[in-house]
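Trainee: Please model the entire structure based on the sequences and the hints provided.
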Amino acid sequence: MSERASLHIKGRVLVGPEDVREQMWVVDGRLTYERPPVAPGATEPTTLNGWVLPGLVDAHCHVGLDAHGPVDDSTSEKQALTDREAGALLLRDAGSPSDTRWIDHRDDLPRIIRAGRHIARTRRYIRNYAHEIEPGDLAAYVRREARRGDGWVKIVGDWIDREEGDLTACWPRWAIEEAIEAAHQEGARVTAHCFAEDSLRDLVEAGIDCVEHATGLTEETVPLFAERGVAIVPTLVNIATFPALADGGEGKFPRWSAHMRQLHARRYETVRAAWDAGIPVFTGTDAGGSLAHGLVGQEVAELVRAGIPARDALAAATWTARDWLGRPGLTEGAPADFVVYDTDPRADVRVLDTPRHVVLRGRVVR
1 MSERASLHIK
11 GRVLVGPEDV
21 REQMWVVDGR
31 LTYERPPVAP
41 GATEPTTLNG
51 WVLPGLVDAH
61 CHVGLDAHGP
71 VDDSTSEKQA
81 LTDREAGALL
91 LRDAGSPSDT
101 RWIDHRDDLP
111 RIIRAGRHIA
121 RTRRYIRNYA
131 HEIEPGDLAA
141 YVRREARRGD
151 GWVKIVGDWI
161 DREEGDLTAC
171 WPRWAIEEAI
181 EAAHQEGARV
191 TAHCFAEDSL
201 RDLVEAGIDC
211 VEHATGLTEE
221 TVPLFAERGV
231 AIVPTLVNIA
241 TFPALADGGE
251 GKFPRWSAHM
261 RQLHARRYET
271 VRAAWDAGIP
281 VFTGTDAGGS
291 LAHGLVGQEV
301 AELVRAGIPA
311 RDALAAATWT
321 ARDWLGRPGL
331 TEGAPADFVV
341 YDTDPRADVR
351 VLDTPRHVVL
361 RGRVVR
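Reading the sequence shown from the start, the letters are residues 1 to 366 in our numbering.
Derived from the structure by calculation, the hints contain no laboratory data.
Here are the simulated distance ranges between beta carbons:
{"#": "1", "residue 1": "Arg363", "residue 2": "Pro37", "range": "19 to 29 Å"}
{"#": "2", "residue 1": "Ala140", "residue 2": "Ala265", "range": "37 to 47 Å"}
{"#": "3", "residue 1": "Gly307", "residue 2": "Asp342", "range": "25 to 35 Å"}
Backbone N, C-alpha and C define an ideal beta-carbon position, used for all residues, glycine too.
Mentor: Structure representation (structure tokens):
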């Protein structure tokens, strides 16, 4: 016997930037565009009206982590709920020391794609965040985290070198090549934290799949990224913190501080140059370290400020982001994870900050 529709969505369903449907239904937690039969005397489904997008994607956040390291399950739950309230229903966790697998068993929390725990060079990253190792161990740790994660591994590509007083690459080329090959053998993609310029060419030529932040892109490396199809997640809401970080380190590391200010000053130019060259760009907030969760709408607005057209910035958090991560959007039979807005988000992405309804696994959770 057919399941009864629980929701009827009317208005404008944005299956894609140009594929707009007038209505859809939720049946047994899944989407359909075919009107379900209604048995005589059956209760009519609840109707939601508005502009509909797939659940938003935060492709760089950290559930189970705060500024000091791993957090308890209660704090992880609050982080996930904050993202849910903002309409972020698919999260790529770009490194966490906490075990958050229990979230997968909660129907009221966003889906998470994990990259395992950060892998960093010894004493070259934030304390309590990462496995801190030497180059000879990189491939083995990458292989282990590939098995622990959900198809992704995260390495720290550069960080401040206290002897140099500035950002420098963390790994020799041979170690990166071994590590990326090991991840790919395990069926995982590799991404890397990179602020500066020095590590990018080696990472891309070694076969990396994505770079986080990518503030160090230059005229020389942008074409290389585009040719190899290496994606970037700019995390512009996080890059906005660079001036304050630079001020804090001025006395001890003046070269690093000046470098961070330069990277910040050209952040929009860098992102626009990447997009113009055809580099895939996706939304990520870097929430969970020093930043609050729930900022995905602000990140989309930042991409627009960088000069990316609104529809492409929106796609970076919805349709193309879900395709990139291998998760469905508003397609027939897909899980009913979507967000309803009062106005057309293609016309003004600022509406993303004020969803009318959030539906997760077919349930209205906001």
